[in-house]
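S.K.: Mind docking chain B on chain A? Use the hints.
Residue numbers (the UniProt record's numbering), protein chains in the order written: chain A, 1 to 326; chain B, 1 to 326.
Only true hints are included.
Straight-line alpha carbon distances no greater than 30 Å define the calculated DSBU-like cross-link-like pairs of lysine-lysine that follow: (1) Lys320/B x Lys236/A; (2) Lys128/B x Lys320/A; (3) Lys162/B x Lys212/A.
Keep in mind that the hints were calculated from the coordinates and are not lab data.
2 protein chains.
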Amino acid sequence: MHLHLRDDDMLKLVAPKTSNTFAGALIMPNLLPPITTKEALLAYKKRIQEACKNDEFEPHVTIFFQVDYSYEFLKEIKDEIIAVKLYPFGVTTNSETGVSSMDVEVLRPTLESMEKLGIPLCVHGETKGFMMDREKEFLPIYESLAINFPDLKIMMEHISSKESIDLLKKYDNLYATITVHHLMLTLDDVVGGMLNPHAFCKPIVKKPEDRKALLQLALSAHPKVMFGSDSAPHQKNTKECHHGAAGVFTSPIALQVLTQLFEEHGKLDNLNAFISLNAQRIYNLNPIKKEIRLIKKDFIVPEVYSYKSEQVVPLFAGQKLVWSIS
Amino acid sequence: MHLHLRDDDMLKLVAPKTSNTFAGALIMPNLLPPITTKEALLAYKKRIQEACKNDEFEPHVTIFFQVDYSYEFLKEIKDEIIAVKLYPFGVTTNSETGVSSMDVEVLRPTLESMEKLGIPLCVHGETKGFMMDREKEFLPIYESLAINFPDLKIMMEHISSKESIDLLKKYDNLYATITVHHLMLTLDDVVGGMLNPHAFCKPIVKKPEDRKALLQLALSAHPKVMFGSDSAPHQKNTKECHHGAAGVFTSPIALQVLTQLFEEHGKLDNLNAFISLNAQRIYNLNPIKKEIRLIKKDFIVPEVYSYKSEQVVPLFAGQKLVWSIS
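The following block holds chain A by itself, in its conformation from the complex (with noise of 0.2 Å):
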């Protein structure tokens, strides 16, 4: 339920890695432009089902939050769209466009029309702190939107910390994501050994005390938590170079680590609540039939991907996991 699919070259290399193994996936409008007219909306809707190149995969897009969206466009662009995406002001990738001030009276016109439609909210939650309290620090803004829309859903999207885990518990109309890289690594996997530019993201991968608590409520299947990869595929030069980007690319190798994850705690039986359940009920979705077999034989890892001339390297790259798919 966190997706980035880009556009052009990119899109048309990492979107069939997603739509291969997967039914549907709620993708984000950080584009640039981002996505925030109808006509936008669909002409990327439609470049995404080109770009999958088979009919089994649902693209439940998005639109970028701005505080002039009116009642108006959102009724008459509420069928076309899954939930609103809200980017605080520059805290990621092309988000220069994001809002500038949190202020719960900012806010109110468009949130107030997205509670009254049903539309619900995702948000990247971050403040410009320093970075390992970055998500900490935002926590009073997710509990003044609770609050304050108490009818909204809002979606704490990739939670990395877990402080964000009580405040996810306390108020009915906050849930989260929680993607496989924080399931995974620690801030040690990325500057811990060689510095590895590959599990570089935002909101970046914290300590081994905050993938505890989350690898906890995901095995758990909380019933508010749901699976968002945000698997976020950058130019590989764009990532090994002086001033690399932030985003983890994790499509094509989610499911088969999520099994692994889930079978070495024995909590198989969750799995799919977590990756899909939850969110069919979270959404009120009613998912395409799809069919993938998972098979317990070893799956190598590519150190890249290629279409013309994008390149991208998934994270553990090169490495053994033990499920492939069939």
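M.R.: The following block gives chain B in isolation, referenced to the frame of chain A:
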């Protein structure tokens, strides 16, 4: 008092970048293989002198700590070295032959010999724990060394966390070096915005409160604290890659940056003590006379320094400093 000059073409590239502005430096022995014999030491010193291209620089060389150094060997080499450098196994670049146990009894024979002979010990003080905690976890080991070998001068190299400062002050035989990058950067500068491999080092730069405490200590020119750049060049393509090497290259900018920093805080009077006088007293050095002139003139840090196929990117590449060396 902490410099990596490497070898071969890299040595030829970086040695003049220190020798043209400094009168001397303590040179680390972590080559491949490490410097552990008198022959290797003298040959390396000669290569350094040749690479420096001038006589106004004294390379204070060191050997790589081994648990089986005999008293006789240390006595024979005593006048050739300024210190012995101890690396725990696997904690940083070329430390694969480092000590595998930091147990005092394992280290005792060598350390007692050094204590008797008056040879200082330099230590890379990190465990293999979570990256933010490695130095903190190492403090009991420093404490044990300080207590067990009261006449051994122990240099806590490149201290990076505020907890180290308390311990430093607690034992008379503990001293410390601080780098430019630990005074200037926090983890935000490595992974807080775009990923910056050229600010990635071990120990990693830490939280704002750590930087603040170190800065206060350096600005006061605390008598037990010395500037040690830990300038550690790596080939550009071994930094900007999938498995990036740890080390920050600061030799050509260290004096300018420190001058700017001490000036900004109104502590220029303490600069000489921090950079030079404290080290002279602690190590009983009588350096050659050398004059350089810093002028208030913009200096744009080069994007890269090159020699033959070697390319090294300095910290603050492309950025403007307000002091230049005339």
